[in-house]
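K.L.:
Given next are the chains, with one letter for each unit.
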Amino acid sequence: MADEVILLDYWPSMFGMRTRVALEEKNIKFDYREQDLFNKSPILLEMNPVHKKIPVLIHNGKPVCESLIQVEYIDETWPGGNSFLPSDPYQRAQPKFWGDFIDKKVYGPTRLIWGAKGEEQEAGTKEFIEMLKMLESELGDKTYFGDETFGYVDIAMIGFYCWFDVLEKCGNFSIEAECPKLIAWAKRCMKRESVAKSLPDSDKITKFVPELKKKIGIE
Amino acid sequence: MAERSEEVKLLGMWASPFSRRVEIALTLKGVPYEFSEQDIANKSPLLLQSNPVHKMIPVLLHNGKPISESLVILEYIDETWQNNPILPQDPYDRAIARFWARFVDEQLMEKELVGKDFLGGESLGFVDIVATLVAFWLMRTEEVVGVKVVPVEMFPEIHRWVKNLLDIDVIKKCIPPEDEHLNYIRARMDSLKLKSV
Chain H
1 MADEVILLDY WPSMFGMRTR VALEEKNIKF DYREQDLFNK SPILLEMNPV HKKIPVLIHN
61 GKPVCESLIQ VEYIDETWPG GNSFLPSDPY QRAQPKFWGD FIDKKVYGPT RLIWGAKGEE
121 QEAGTKEFIE MLKMLESELG DKTYFGDETF GYVDIAMIGF YCWFDVLEKC GNFSIEAECP
181 KLIAWAKRCM KRESVAKSLP DSDKITKFVP ELKKKIGIE
Chain F
220 MAERSEEVKL LGMWASPFSR RVEIALTLKG VPYEFSEQDI ANKSPLLLQS NPVHKMIPVL
280 LHNGKPISES LVILEYIDET WQNNPILPQD PYDRAIARFW ARFVDEQLME KELVGKDFLG
340 GESLGFVDIV ATLVAFWLMR TEEVVGVKVV PVEMFPEIHR WVKNLLDIDV IKKCIPPEDE
400 HLNYIRARMD SLKLKSV
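So the sequence lines, in the order shown, correspond to chains H and F.
Just so we're aligned: 184 in our numbering is position 184 of the first sequence, and the numbers increase by one with no gaps anywhere.
When you read off a place in the second sequence, starting at 1, and then add 219, the result is the number in our numbering.
A hint or two may mislead.
Stated by the list, open to error - The list that follows gives simulated cross-link-like pairs (lysine-lysine, DSS-like), each with its CA atoms no further than 25 Å apart:
{"id": "1", "chain 1": "F", "residue 1": "K274", "chain 2": "H", "residue 2": "K126"}
{"id": "2", "chain 1": "F", "residue 1": "K262", "chain 2": "H", "residue 2": "K105"}
{"id": "3", "chain 1": "H", "residue 1": "K53", "chain 2": "H", "residue 2": "K197"}
{"id": "4", "chain 1": "H", "residue 1": "K105", "chain 2": "F", "residue 2": "K248"}
{"id": "5", "chain 1": "F", "residue 1": "K284", "chain 2": "H", "residue 2": "K142"}
{"id": "6", "chain 1": "F", "residue 1": "K284", "chain 2": "H", "residue 2": "K133"}
Don't read these hints as lab results, they were simulated from the structure.
In this text the structure is predicted, and so the values were computed from the model without any measurement.
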């Protein structure tokens with residue numbers, strides 16, 4: 001029986017991008033279904049009743065929610081090819097820690113950068129740079145966060161890259177100036193087909209943000 | 220027989236459910252460990268060195284190597300000591316367990332609960348009222364889902380708080396009756412194609 005894989009997603013979501021990249025890395029055919037978050041579909045509400053958020057991965061009718069949980073699920077369900085996590089328990093714990101870090105510490109500030117003004121926005125920018133520097137320090141001189149292998153942390157972080165341009169414009173700063181190694185890492189990732197296919201162009205995101213602000217009622 | 224080279228140390232806090240959950244996992248697996256009570260107001264050099272990013276407990280040190288973030292620690296423990304497994308084997312079941320564990324974390328107001336009878340301090344307050352539904356919903360959901368996301372051993376503060384709440388007439392009157400509530404949750408889970416027991 002063929003696998004049926006559906007992804008409920010929203011094109012600018014850096015979280016949805018994680019799942020797209022993971023599926024592409026494993027060459028899994030999936031049905032991408034764009035969601036309207038301002039008018040949530042019955043299937044979205046049914047498949048993620050707790051959070052009503054994207055992305056939702058539906059595998060043979062069963063939903064998996066939360067992007068990093070989806071990435072791990074994909075790795076465990078389709079174990080062939082590129083493994084996203086190492087096999088040694090201690091080495092597995094490190095990427096999981098950093099994935100959690102990205103969710104808890106990197107995402108929040110980005111909302112302040114594009115969504116807030118004045119002091120709040122400045123605070124967000126400062127925090128964001130600080131968090132990026134921690135990530136960059138973790139990356140060091142490795143090709144990927146997974147060392148020679150493109151893996152879990154790379155997948156967790158790369159979706160933010162297409163947001164960098166708009167964040168720089170809003171926050172009036174240069175990420176490359178602050179974190180050159182991170183930018184170099186991102187460019188290497190963009191050369192991967194899975195990433196190039198899954199991330200929208202930066203200028204699409206840059207055009208999208210002012211529209212988003214209008215829609216959610218921020219000036 | 221314990222290996223002489225195995226050294227397991229937990230930097231934690233007696234009142235923290237996040238720290239307790241690690242202790243439960245270690246105890247469940249029969250792993251001997253040394254518990255080191257940390258003073259968050261006066262962080263030890265070992266804590267700062269072991270978790271420089273968050274500077275928070277719990278931190279597990281296994282043969283000197285640190286692991287931080289309680290859910291990451293739990294998975295590490297499960298993978299390292301494979302007896303009495305914590306996570307299920309099937310990838311889908313694992314994804315569900317991970318989802319609910321994260322959900323609990325988001326709902327847990329651990330800092331608020333430590334040392335207080337109610338979230339509002341001495342008496343029932345706004346936050347208690349808001350959180351009541353979460354606590355009861357969670358605990359009843361776990362009966363239906365069959366996964367103990369808020370077991371008493373791991374979350375003594377939550378259970379103590381719930382007990383306090385149950386003693387209050389207003390709360391007793393306002394909580395949905397157990398049988399009806401459980402049936403309701405089961406029906407919702409079935410219609411949402413989620414696994415229920």
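K.L.:
Would the pair K105(H) and K248(F) pass a check requiring their Cα atoms to be no farther apart than 25 Å?
P.N.:
Between K105(H) and K248(F) the Cα gap is close to 32 Å, so the pair fails against 25 Å, i.e. violated.
K.L.:
Would the hint linking K53(H) and K197(H) be met if the CA-CA limit is 25 Å?
P.N.:
Measuring from Cα to Cα gives roughly 22 Å; hence the hint holds.
K.L.:
Is the straight-line distance between the alpha-carbon of K274(F) and that of K126(H) 25 Å or less?
P.N.:
Given pair K274(F), K126(H) holds - Cα atoms ~19 Å apart, limit 25 Å.
K.L.:
Checking one constraint from the list: CA of K284(F) to CA of K133(H), max 25 Å. Satisfied?
P.N.:
holds, 23 Å
K.L.:
Taking 25 Å as the top limit, are the C-alpha atoms of K284(F) and K142(H) close enough?
P.N.:
Roughly 21 Å between the alpha carbons, so the hint for K284(F) and K142(H) holds.
K.L.:
Take the C-alpha atoms of K262(F) and K105(H), compute the straight-line distance between them, and say whether it is at most 25 Å.
P.N.:
holds, 21 Å
Of the numbered hints given earlier, the model fails hint 4 alone.
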